[in-house]
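Given the coordinates of chain A, work out where chain B should sit on it, guided by the hints.
So the sequences go chain by chain: A and B.
Each residue of the first sequence is one higher than the one before, counting from 11 in the working numbering.
Each residue of the second sequence is one higher than the one before, counting from 62 in the working numbering.
In short, the hints are calculated from the structure, not lab data.
Don't be surprised by glycine CBs; every beta carbon is placed ideally from N, CA and C.
Certain hints may be false.
Coverage of chain A stretches by chain B, computed from C-beta distances (three or more under 8 Å per stretch; other residues unrestricted) [claimed, not checked]:
1. 20 to 32
2. 137 to 143
3. 163 to 177
Which residues of chain B face chain A? A partial, calculated answer using Cβ under 7 Å [stated by the list, open to error]:
4. Thr122
5. Leu126
6. Lys131
Single-letter residue listing:
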Amino acid sequence: MGESEQVAMLRRKAWLIRRNILTMIGTGKAGHLGGSSSLAEIVAVLYFHTMRLDPRDVKAPGRDRLILSKGHAVLAQYAALVELGVIPREEMSKLKTVDGMLQGHPDMDRTPGIEAVTGSLGQGLSIANGMALGLRLDGIPSRVYVILGDGELSEGQVWEAAMATANYRLDHVTAILDLNRIQASGPTRETFEIPHVAEKWAAFGWHCVEADGHDPSALMSALEEAAGEKGRPAMVIAHTVKGKGFSFAENNAAFHNGILTEELYQQAWRDLEAAPH
Amino acid sequence: MDTCNLREAYGQALVELGRKDPRVVALEADLGKSTRSCLFKDEFPARYFEMGIAEQNMTSTAAGLALVGKIPFLSTFAVFATGRAYDQIRNAVSIPRLKVRICGSSSGLSDFGDGKTHQSVEDVALMRAVPNMTVLVPVDAVETRAMMHALLEHSGPAYLRVNRNDLPTFTSARAPYAIGATPTIREGRDVVVFANGVMVSRAVSAAEALRPEGIELKVVNVSTVKPLNAAAIRAAAASVRRGIIVAEEHSILGGLAGAVLEVLSEVRHPPSLVVGIPDSFGISARGYEELLAHFGLTDAAIAGAARKLVAAG
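Pulled out of the complex, with its shape left as it was, chain A reads as follows:
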């Protein structure tokens, strides 16, 4: 596959991920639309390009791992795992039901392809570090990817973990920051501003690569650069738009976990249909 074909394929996957997210949410308040849709390209590139993962054997010891530290955006991960055939498509209609396998936040016991329990924010990087330490002890050359949200960076544990990743020179950990600039209560700069994010991570011993988080090509090369960094961990700072792809939800804190009325739901489908796919 040539690069342009690959990019087209990844754009198509991102579109399918958004379609699945919308299908799962439906009308009402069933999921976090904003933070899930900002991840569509990131998750598409990881699962359909960068990560070594056999969808038929998601427990293979040599697989790359993905930890979604911002666990509330798990719909994006479910959406991709459905496209990979890891999660049965019919599970989407049973989202957040007691009989379904798709919980409100990532639950490795119930959902194939989910690697940990996250959702209480701030813990994913620590879990990724533990995996990376164990994999290194066993000589398994897997990478551990972890996606953090920018609102999540106010959790102190993130910075404890950032120091540990650098201290242990875990260069097989790649963190991806979904920098969508909006948290539950509003824009991060009005809610709890964390300025100079790249400089902070650099000061903690990380190599930072900035990328447009909705451009598969930019994400692919940023992830490649991150993986090539030796002796220290690397982070891809992905500049994203919360609610991306849904006109009413873009850059709108109300759709962090907002209610989709029938009218908005229909609008969301029109937005999807209008987008190239």
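For chain B alone, kept in the frame of chain A given last:
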């Protein structure tokens, strides 16, 4: 009676487990010299992770290690292990039932000098309330070692509460051990004392003191607080005529007393009294004995409770 240090037993057992199973790894939050996890570091430096003074990160990191097949033992003071990192224990470790072992060292009042910020009066209650968690409170160094070996095989997360000080030995090094064991340390027909940790020795002293008065105390070591051996508790309660005492170096809220009285609530049983720390934090003291006496965790308090039950009956 011989006394031995439980922390030393923990550190030595950790090394034994390291030799036995290459999956065993250790994490520490800058207290390795005190918890004695440093012994593991000396022999297995590549499998020892100094995580700095960051208990939350240490706990979630242990979860990650367990997720790739390691058997992590993390240690720090009990108050930080269970309190500072409670959310990490709850969410990252216990929901997915990961095989993480949490050693709460210098537990209870045993870090007598450091005072209320460093003494854990509620750690057993916290850990007992977490679904999937096993909670162990060893009585002596021998039982500490036996529990450590049992924890190598046991599934799911576990909390081990380790006293800072030397404690008298009741457990036979030759006796087989299994989690859930609730051994009778001393037989008696009038009152049963359900105790663990340092309070077992107090109960045995109380039994000695009461013998001339014709009061017989049965002493049971409930070192597995969870999963509680309900059958053993009910059988022991049914075997005495006058009453039940629960004695623990822990808040009277939610610890061993809660566990024992919960399982007895479903059956007819003799009247009960609790000897524990009233609903309060600890305090600094010059010595451990002095501090235990300050909170009424003494053989005299247990004997007094037994007399009261016998008089009432």
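Tested hints:
Coverage of the segment 20 to 32 of chain A by chain B is violated [criterion: at least 3 residues with CB-CB distance below 8 Å; count 0]. Look at the segment 137 to 143 of chain A against chain B: 7 of its residues bring a Cβ nearer than 8 Å to a Cβ of that chain, three or more, so the hint holds. With a threshold of 8 Å between beta carbons, the proposed coverage of the segment 163 to 177 of chain A by chain B holds, since 7 of its residues qualify and at least three are required. Satisfaction of the interface hint for B:Thr122 is found here, the shortest Cβ-Cβ separation to chain A being roughly 4 Å, below the 7 Å cut-off.
Hint on B:Leu126 holds. Least Cβ distance to chain A is approximately 4 Å, under the 7 Å limit. Taking 7 Å as the C-beta contact cut-off toward chain A, the hint placing B:Lys131 at the interface holds, the least distance being around 5 Å.
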